[in-house]
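Below, each chain spelled out in residue letters.
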Amino acid sequence: MFLAVILLSATGYLSYLNLSSIVSSIRVDISPDLRLLSIREISMDLEKAENSIRIYSVTNNTGDLQPFYKIISNIDDKVNRLRAECINDSVLLEQTDTISTLIEENIFIWNELLLLNKNQQVMQSLKQISEKLNTASELDQKQEKGILKRVFSRSEKSLLNEEEIISDLNQIEKQDKILKQNMILRESQLAATGSEIKEQFYDLITKMEVAVSESIARKADDASRLARKTFRWLAMFTLTGTLLALLVIFIIIRYVRRTNSYQVALENSKNEAEKLARTKEQFMANMSHEIRTPVTAISGFTEQLLQEPCDEKTLRSLKVIKSTSDHLERIINDILDFSKLQDGKMPLEKVHFSITRVLEEVYAMFEAQAAKNNTHLSFSTEENIPQILIGDPYRLKQIIINLVSNSIKFTREGTVSFAASVVRKEGQEVDLVMKFTDSGIGIDESKLDFIFEDFTQAEMSTTRRYGGTGLGLSIVKKLVDLHNGSIDFKSRKNQGTVITCILPCRIGDIEQLKPDSESPLPIPERIRDLNILVVDDEEYNRMLFSTILDRWGVRHDEAANGMEALEMVRNGGYNLLFMDIRMPGIDGIKATEFIRGELKITASEMPVICITAASLNEDWHVYEKAGMNAFIPKPFTEKMLLTTILSVTGDEVFIAPFDKADEEDNGTGEAVSAKINLQNLYHLAGGDEDFVLQMLRTFIGTTATGLAEMKAALQEGEIGKVADIAHKLMPPCRHLGAVNLSLLLRDIEKNCTGNGNEYHLEELIDKTAGEYNEVSALLNEHIEKIKPV
Amino acid sequence: MNNSVIVLVVEDNEYYNSLLSRTLQKSGDNLQLKHDCMVKIHSFTDANECINMIRSGELGNSDIIAFVDYYIGNGITGGHIVRLLKNHNAGSQVLLMSQSKAIAEKEKSGQHDFFILKDGFAPAICRLYLEQFIDNKFS
Chain A
1 MFLAVILLSA
11 TGYLSYLNLS
21 SIVSSIRVDI
31 SPDLRLLSIR
41 EISMDLEKAE
51 NSIRIYSVTN
61 NTGDLQPFYK
71 IISNIDDKVN
81 RLRAECINDS
91 VLLEQTDTIS
101 TLIEENIFIW
111 NELLLLNKNQ
121 QVMQSLKQIS
131 EKLNTASELD
141 QKQEKGILKR
151 VFSRSEKSLL
161 NEEEIISDLN
171 QIEKQDKILK
181 QNMILRESQL
191 AATGSEIKEQ
201 FYDLITKMEV
211 AVSESIARKA
221 DDASRLARKT
231 FRWLAMFTLT
241 GTLLALLVIF
251 IIIRYVRRTN
261 SYQVALENSK
271 NEAEKLARTK
281 EQFMANMSHE
291 IRTPVTAISG
301 FTEQLLQEPC
311 DEKTLRSLKV
321 IKSTSDHLER
331 IINDILDFSK
341 LQDGKMPLEK
351 VHFSITRVLE
361 EVYAMFEAQA
371 AKNNTHLSFS
381 TEENIPQILI
391 GDPYRLKQII
401 INLVSNSIKF
411 TREGTVSFAA
421 SVVRKEGQEV
431 DLVMKFTDSG
441 IGIDESKLDF
451 IFEDFTQAEM
461 STTRRYGGTG
471 LGLSIVKKLV
481 DLHNGSIDFK
491 SRKNQGTVIT
501 CILPCRIGDI
511 EQLKPDSESP
521 LPIPERIRDL
531 NILVVDDEEY
541 NRMLFSTILD
551 RWGVRHDEAA
561 NGMEALEMVR
571 NGGYNLLFMD
581 IRMPGIDGIK
591 ATEFIRGELK
601 ITASEMPVIC
611 ITAASLNEDW
621 HVYEKAGMNA
631 FIPKPFTEKM
641 LLTTILSVTG
651 DEVFIAPFDK
661 ADEEDNGTGE
671 AVSAKINLQN
681 LYHLAGGDED
691 FVLQMLRTFI
701 GTTATGLAEM
711 KAALQEGEIG
721 KVADIAHKLM
731 PPCRHLGAVN
741 LSLLLRDIEK
751 NCTGNGNEYH
761 LEELIDKTAG
771 EYNEVSALLN
781 EHIEKIKPV
Chain B
1001 MNNSVIVLVV
1011 EDNEYYNSLL
1021 SRTLQKSGDN
1031 LQLKHDCMVK
1041 IHSFTDANEC
1051 INMIRSGELG
1061 NSDIIAFVDY
1071 YIGNGITGGH
1081 IVRLLKNHNA
1091 GSQVLLMSQS
1101 KAIAEKEKSG
1111 QHDFFILKDG
1121 FAPAICRLYL
1131 EQFIDNKFS
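These protein sequence lines are chains A and B, in that order. Going by the numbering used here, the first sequence opens with residue 1, and the numbers climb by one from there. Going by the numbering used here, the second sequence opens with residue 1001, and the numbers climb by one from there.
So here's chain A without its partners, still in its complex pose:
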């Protein structure tokens, strides 16, 4: 590519030079040869000067000499200019000098001629005098002289003087002739000189013209050669340019293709990554749902059973089941937490909590386990530690649990202690310093660098012997980082471990502290007045709800899917709905949207609480948008259930009527009356009045036809057909809110199937027809209102 550019540039430059040369030579060629012009000018001047002399010689008018004098005064300048123009050509310069010399000679001769011409005038004057004298003499000889004349006339002497004069004059005339001859000679010389000058001029001009022609021919040849050369260069330039262009196009195409393929690859990678992320999310959601749900059930039911009276053996077994399911739950939580931390989707709470209480709870959790290992477990807090701190007690507890759990796990017959203190900073800011010390198996110093890595334990044997996912410390590290804290790990093999964890916190307010979660809440009376619908496709979840609600004495029903739920809600009577999200058919979100949007049941009439796995908290905005009012995570405790219900039910509970077909105008022009309600139709039409017109006309037509067929069928005794027709006519009536009409049709159908009385049927059909007439009148009225003009 680089070479091609160089080649192109070179050919372009050379082409440019050649073209410039051609243009220059053309410029030179078209510009007139100044030397030639000078020569021609001088030549013309000389001719003019000669003409001027000639004219003068004829006219003897000095005015005619003016051009001559003017010319000869300027001729030197012009000759000098010609000389200067020929300075570079020695031959032409020599010729110019020759011309200059000849011109001087010519001027000399002209001047001589002029002088001679002037002399000739004198001669002429003399001649005239001579003639006069001759004439006077002749007259004298011819005329007789009078006395006076004889007296006063000249004598012979004078007559002789006259003859002398005449003789002189003749002499003068002779001289004049000689003069004339001289003049002729001069003129001849002049002519010869002039001729020579002309010859020189012509020769010079010819030579110059030849030189110019040769020069032009040379230049033409050169130009022709240059042109051919230029053409070759241009051709090469064009070819190179074309090749370069093709090369560039090829490179561009290749680049674009490569870019496209990279883009496609990137997009594919992005799609793949997104798909993987979605798959991972889906997997986590599934795992959360599929694993947590049974774990919840196990944990929940075990909890319930633990409250029932049972023998020691059963109690022990139940405790084992509870702790095992709790452990399983912890592992699941670890994995899910790890996933959330990796994705950066774990927000930290900021609530007021008691650090002492947290430590006490953790202590209570591990006291028994420590005792089992013959390990002394202790915790302490410094006196200066604030009673209440602001932070996320759940995540703090998680850090402490993980670290204490590790310490206890890896310590046999030793000591495990954890202590909390604070370092005061500015204002309400403090650093919570937690120190975890154990005398356990410790970790080899060489492995300390990897201790916080994911799925890593100190040794493989550790995993085999002690179990665990290897996520505990990794989660701790990530949580500490999330708090912008620090963690220091010091350990030596068989010499125990000291972990120092520092978390920034703020001092809290005891007034803001949440009530003790352990103290049981009484079930308020208003809870017992509720009628609750639980919608969950998992049977054991429904059973769990059922067990708790039964114990509370709360009325409740169950639905296994969204469709059932909608049917049950439509039948009405519920004040509260627990809705699972993931269900076959219609999911919880769509079902809630339908309840709020189509069934128009408001949150105050029937709050909806979604049942969801805790890891889906971040989707709360989706649930809220659908119309849900609260959520309860799985797994949930009885207390969580109660507090959630209390949070949504408010101070008053009322059961709203389901049927919305009240006589009110909703301001959209939709006909609402006791006989018809077109709201549903308009809602489905979505503003399409043509559709509304079409449907109303169809209804009127088909119902009228149906009623006529019904009458005919009754007359024919085809009771079954009457029932069929009545059955078919009902749904459209219901859809249009023609409740009375639909009820009458229902009665007809009932009467037919119940082997009803024909007269009664006839009566019913007539009544139905009457009702229909009223309905159709209203519908026609509405049609008139909305149909286009």
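Hints are not guaranteed to be accurate.
Per the computed footprint, the stretches of chain A lying under chain B, defined by three or more beta-carbons under 8 angstroms from a beta-carbon of chain B, are [claimed, not checked]:
1) 263-275
2) 550-558
3) 578-587
4) 733-747
Keeping only pairs whose Cα atoms sit at most 20 angstroms apart, straight-line, the calculated EDC-like set for lysine to aspartate or glutamate is [unchecked claim]:
5) A:K721 - B:E1014
6) A:K721 - B:D1012
7) B:K1101 - A:E567
8) A:K493 - A:E453
9) A:K590 - B:D1012
10) A:K639 - A:D326
11) A:K275 - B:D1036
12) A:K721 - B:D1046
13) A:K275 - B:D1063
14) B:K1108 - A:E558
15) A:K675 - B:D1119
16) B:K1086 - B:D1119
17) A:K198 - A:E303
18) B:K1034 - A:E593
19) A:K478 - A:D431
20) B:K1034 - B:D1119
21) B:K1106 - A:E105
22) A:K787 - A:D690
23) A:K711 - A:E784
24) A:K750 - B:D1119
25) A:K198 - A:D311
26) A:K319 - A:E303
27) B:K1108 - A:D537
28) B:K1108 - A:E567
29) A:K625 - A:E593
30) B:K1026 - A:D326
I should point out that these hints are in silico values taken from the structure, not numbers from a laboratory. For every residue, glycine included, the Cβ atom is placed at its ideal position computed from N, Cα and C.
Assemble chain B onto chain A, guided by the hints.
Only chain B this time, still in chain A's reference frame:
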């Protein structure tokens, strides 16, 4: 991946048939845009035509969702259509509709996937089901 869905509406009442078809068509148009899929609606007032279509194999391997009225005339019930559809394509979703709850009870052991009571909300529920079906399929 097959990105077409066939929706069958089998309802002999012309009004209700138009109502359902129109509702589902409107929803289908939006879903086509949302998921870049094809939603084709076939509505039948005559059950025999539907049966012929099923037997002809015209439905192919596309995903099918059918809204079938129970009483569809000519001695044919919706249950028959349900069985035909399920035999043709076990994965097809068939919703049986009737205004009588007794039918829901009667056809409890039927092969239909859900029962929809034909009340004022039935078209909206049908639309909801179609949307959920297609969202689940193409999400």
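Each hint, compared with the structure:
1. 263-275: Three-residue rule not met by the segment 263-275 of chain A, so violated; n is 0.
2. 550-558: violated (count 0)
3. 578-587: Per the Cβ count (3), the hint holds.
4. 733-747: Check passed, 3 qualifying residues.
5. A:K721 - B:E1014: holds, 17 angstroms
6. A:K721 - B:D1012: holds, 14 angstroms
7. B:K1101 - A:E567: holds, 11 angstroms
8. A:K493 - A:E453: This hinted pair holds, its Cα atoms lying about 19 angstroms apart.
9. A:K590 - B:D1012: Violated: A:K590 and B:D1012 sit about 29 angstroms apart, past 20 angstroms.
10. A:K639 - A:D326: Answer holds: A:K639 to A:D326 is near 17 angstroms, not above 20 angstroms.
11. A:K275 - B:D1036: holds, 18 angstroms
12. A:K721 - B:D1046: Holds, because 17 angstroms separates the two Cα atoms, which is no more than 20 angstroms.
13. A:K275 - B:D1063: violated, 23 angstroms
14. B:K1108 - A:E558: holds, 18 angstroms
15. A:K675 - B:D1119: holds, 16 angstroms
16. B:K1086 - B:D1119: violated, 26 angstroms
17. A:K198 - A:E303: Violated, because 143 angstroms separates the two Cα atoms, which is more than 20 angstroms.
18. B:K1034 - A:E593: The given pair, whose Cα atoms are some 18 angstroms apart, holds under the 20 angstroms limit.
19. A:K478 - A:D431: Satisfied, since the Cα-Cα distance of roughly 18 angstroms is no more than 20 angstroms.
20. B:K1034 - B:D1119: violated, 29 angstroms
21. B:K1106 - A:E105: Between B:K1106 and A:E105 the Cα gap is close to 149 angstroms, so the pair fails against 20 angstroms, i.e. violated.
22. A:K787 - A:D690: holds, 8 angstroms
23. A:K711 - A:E784: Outside the cut-off at roughly 29 angstroms; violated.
24. A:K750 - B:D1119: Given that 20 angstroms is the threshold and the Cα spacing comes to 17 angstroms, the pair holds.
25. A:K198 - A:D311: With Cα atoms ~156 angstroms apart, A:K198 and A:D311 exceed 20 angstroms; violated.
26. A:K319 - A:E303: holds, 9 angstroms
27. B:K1108 - A:D537: This hinted pair holds, its Cα atoms lying about 18 angstroms apart.
28. B:K1108 - A:E567: holds, 15 angstroms
29. A:K625 - A:E593: Answer holds: A:K625 to A:E593 is near 8 angstroms, not above 20 angstroms.
30. B:K1026 - A:D326: Violated, because 50 angstroms separates the two Cα atoms, which is more than 20 angstroms.
Checked against the numbered hints above, the structure violates hints 1, 2, 9, 13, 16, 17, 20, 21, 23, 25 and 30; every other hint is satisfied.
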